[in-house]
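The hints should help you fit chain B onto chain A, whose structure is shown.
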Amino acid sequence: MYVIEALDIVKKFGKNEVLKGVTLQQKKGEVVTIIGPSGSGKSTFIRCLNKLETVNSGTIRINGETLVETVDGKVQYAKERDIRKMLTNTGMVFQNFNLFPHFSVLQNVMEFPVTVKKQDKETARKRALELLEMVGLKGREDAFPIQLSGGQKQRVAIARALAMEPKVLLFDEPTSALDPELTVEVLKVIKQLAKKQMTMIIVTHEMSFAKEVSDKIIFIDQGVIAEQGTPEEVFDHPKSERLHSFLQSYHT
Amino acid sequence: MDENFIGWLQYLWSLMPIMMKGFQITLELFFKTILWALPLGLIIALMNISKFWPFRAIGKTYVWILRGTPLLLQLFFVYYGLPYVPVIGVVLDRFPAAVLTFVLNYSAYFSEIFRAGILSIEHGQYEAARSSGMTGFQMMTRIILPQTIRRVIPPISNETITLVKDTALVNSIGLFELLQAAKSSVNRDVDATAFLLAALFYLIFTLVLTLIFNAIEKKNSKHEIR
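Chains as they are written, first to last, in the working numbering: chain A, 1180 to 1431; chain B, 29 to 254.
Any given hint could be a false lead.
On the chain B side, residues computed to face chain A include the following (Cβ under 10 Å) [what the hints assert, rightly or not]: (1) Asp30; (2) Glu31; (3) Asn32; (4) Leu66; (5) Pro67; (6) His151; (7) Gln153; (8) Ala156; (9) Ser159; (10) Arg170; (11) Pro174; (12) Pro182; (13) Pro183; (14) Thr238; (15) Lys246.
Calculated cross-link-like contacts (lysine-lysine; reagent style DSBU-like; alpha-carbon spacing at most 35 Å) [said to hold, decoys possible]: (16) B/Lys246 - A/Lys1305; (17) A/Lys1297 - B/Lys246; (18) A/Lys1317 - B/Lys247; (19) A/Lys1207 - A/Lys1346; (20) B/Lys247 - A/Lys1305; (21) A/Lys1317 - A/Lys1370; (22) B/Lys49 - A/Lys1297; (23) B/Lys246 - A/Lys1194; (24) A/Lys1258 - A/Lys1375; (25) B/Lys247 - A/Lys1300; (26) A/Lys1207 - A/Lys1258; (27) A/Lys1297 - A/Lys1374; (28) B/Lys79 - A/Lys1300; (29) A/Lys1395 - A/Lys1370.
Just so you know, these hints were derived from the structure itself, not from any lab.
Virtual Cβ for every residue (Gly too), placed ideally from N, Cα, C.
Okay, chain A solo, but in the shape it has when bound (with noise of 0.2 Å):
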């Protein structure tokens, strides 16, 4: 059974048909990374999955529960109930952070997991005080997301989508936002988590990252998977001109 399975994915904004049929198949453990040049169509993906974007044909599995299906050309979700219940298998990770201000960083912990899951205050603390160790926060638990820099901040979203216990997590461009410095503290939590054999879908530009910690890359490329395989494979003997090319640009 696979985590995640995106078939045929298809994604229209208005005329402009940014995803021609992506397909994914994720098993459990599994580090797979998606890079591509921007307005590729890799976030609309990774979006499609947690339903943060609704897909105009193809299909998704989380889990083997099916989140969305295309049966004779008509594209259906399943209820809303179930949609919610999906979503806590799938932690996401953004750009921005998108931290609750309002909340100390240990409520951002707690939140989900008290909210969603109705799991009592205590377990919640408890898990949330281990998550923010692991991510190197311990003893900023009190602070307000104001109070910390990009790097943390992105780590406190981290244990965020941790405290769900997700079956897979996703990260939408999780160091775009964050000076060179920030971005290693954040590179090293995920790998970290990758060598927990955490199942893990990650949109990065960060090319010797991804070589390090995936499983196998997918390179989209104006809405289509142009390539995909182990990272040796995609970055050292790339088969096809655009992906040549794209990897050139990273070396300059």
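Structure of chain B alone, referenced to chain A:
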């Protein structure tokens, strides 16, 4: 000390009972309006951003009518006009008529403040809440509205101070309150002192409100934002 001045102070003091009586009505009108207009305004704001168009239609019309006509006209309509309206035809006493009018009018203004506040919350906040599996209700009550309320305190405080002064308008339907108390004293004694005293009451009241709102703003600002 000058004898005239002492006499004036004594006169001033003699005005206090009637002024206090008037001020009490003003206060009551003010607090009842705030108490009802704030929650009603929030409900109207939520209707105005609803995805369900009939709610939006009702909300927009409500705001359009109540913001688009003079408060004084609304006051006259509720007090003098309602008895002649077919079917409804209620006769309200002066005070309930005043409260009803102010609640309707101010809820329209408050609703626009709330609406703008809700719309000012970054899209990412909704996405973070949604992507975790929160219900729409949880998202609003836990994430969106707590941030909205912090942000709308300055415009709400501004509107609240306007309300203090607008309460004087109920004078026009003959309701006894602070301004009426002053006016009757001025007419009776042929002396402008009571107007000055009324002004002082309004000034102290608005000053106290300003200080309270400043304190609330300061307390909240430590979490804000960006």
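Consistency of the hints with the structure:
1. Given hint, B/Asp30 at the interface with chain A, is violated; its Cβ is 58 Å from that chain's nearest Cβ, farther than 10 Å.
2. The interface hint given for B/Glu31 is violated, since its Cβ lies 61 Å from the closest Cβ of chain A, which is over the 10 Å cut-off.
3. Against a cut-off of 10 Å between C-beta atoms, the interface hint on B/Asn32 is violated, since the closest Cβ of chain A lies about 59 Å away.
4. Because the smallest distance between the Cβ of B/Leu66 and any Cβ of chain A comes to about 19 Å, over 10 Å, the interface hint for this residue is violated.
5. Given hint, B/Pro67 at the interface with chain A, is violated; its Cβ is 20 Å from that chain's nearest Cβ, farther than 10 Å.
6. The restraint placing B/His151 at the interface with chain A holds, with a minimum CB-CB distance near 9 Å, inside the 10 Å limit.
7. For B/Gln153, the suggested interface contact is upheld, since its CB lies about 6 Å from the closest CB of chain A, less than 10 Å.
8. Annotation: B/Ala156 was flagged as interfacial toward chain A, and the flag holds, the nearest CB pair being 4 Å apart, inside 10 Å.
9. Given the 10 Å rule on beta carbons, the hint for B/Ser159 holds: about 4 Å separates it from the nearest Cβ of chain A.
10. For B/Arg170, the interface hint holds, the least distance from its beta-carbon to any beta-carbon of chain A being 6 Å, beneath 10 Å.
11. Below 10 Å, beta-carbon pairs count as interface contacts, and B/Pro174 has one with chain A at about 5 Å; its hint therefore holds.
12. A cut of 10 Å between beta carbons decides the hint on B/Pro182: the least distance to chain A is about 16 Å, and the hint is violated.
13. The restraint placing B/Pro183 at the interface with chain A is violated, with a minimum CB-CB distance near 18 Å, outside the 10 Å limit.
14. Restraint check, B/Thr238 versus chain A: the minimum CB separation of about 24 Å is more than 10 Å; hint violated.
15. Checking B/Lys246 against chain A by beta carbon gives a least distance of about 15 Å; that is not within 10 Å, so the hint is violated.
16. For the proposed pair B/Lys246 and A/Lys1305, the alpha carbon gap of about 32 Å is at most 35 Å, so the pair holds.
17. The suggested pairing of A/Lys1297 with B/Lys246 holds, with an alpha-carbon distance near 33 Å, which does not exceed 35 Å.
18. For the suggested pair A/Lys1317 and B/Lys247, the alpha carbons sit about 26 Å apart, so the restraint of at most 35 Å is met.
19. Between A/Lys1207 and A/Lys1346 the CA atoms are separated by roughly 8 Å; this keeps the pair inside 35 Å, and the hint holds.
20. With a C-alpha separation of about 29 Å, the suggested pair B/Lys247 and A/Lys1305 falls inside the 35 Å cut-off, and the hint holds.
21. For the given pair, A/Lys1317 sits about 19 Å from A/Lys1370 by alpha-carbon distance, which is consistent with the 35 Å threshold.
22. A hinted pair counts as satisfied when its Cα atoms are at most 35 Å apart, and B/Lys49 with A/Lys1297 does not qualify at roughly 52 Å.
23. Taken as a hint, the B/Lys246 and A/Lys1194 pair is broken in the structure, with Cα atoms around 48 Å apart against an allowance of 35 Å.
24. A distance of roughly 33 Å separates the Cα atoms of A/Lys1258 and A/Lys1375; the hinted pair therefore holds under the 35 Å criterion.
25. Note on B/Lys247 and A/Lys1300: the hinted pairing holds, with a Cα-Cα distance of about 26 Å set against a maximum of 35 Å.
26. For the suggested pair A/Lys1207 and A/Lys1258, the alpha carbons sit about 25 Å apart, so the restraint of at most 35 Å is met.
27. Using a Cα cut-off of 35 Å, the hinted pair A/Lys1297 and A/Lys1374 holds, with the two alpha carbons roughly 30 Å apart.
28. Between B/Lys79 and A/Lys1300, the direct Cα distance comes to roughly 34 Å. Compliance with the 35 Å bound is thereby established for this hinted pair.
29. Restraint check for A/Lys1395 and A/Lys1370: the C-alpha separation of about 15 Å stays at or below 35 Å, so the hint holds.
Comparing the model with each earlier hint shows violations of hints 1, 2, 3, 4, 5, 12, 13, 14, 15, 22, 23; every other hint is respected.
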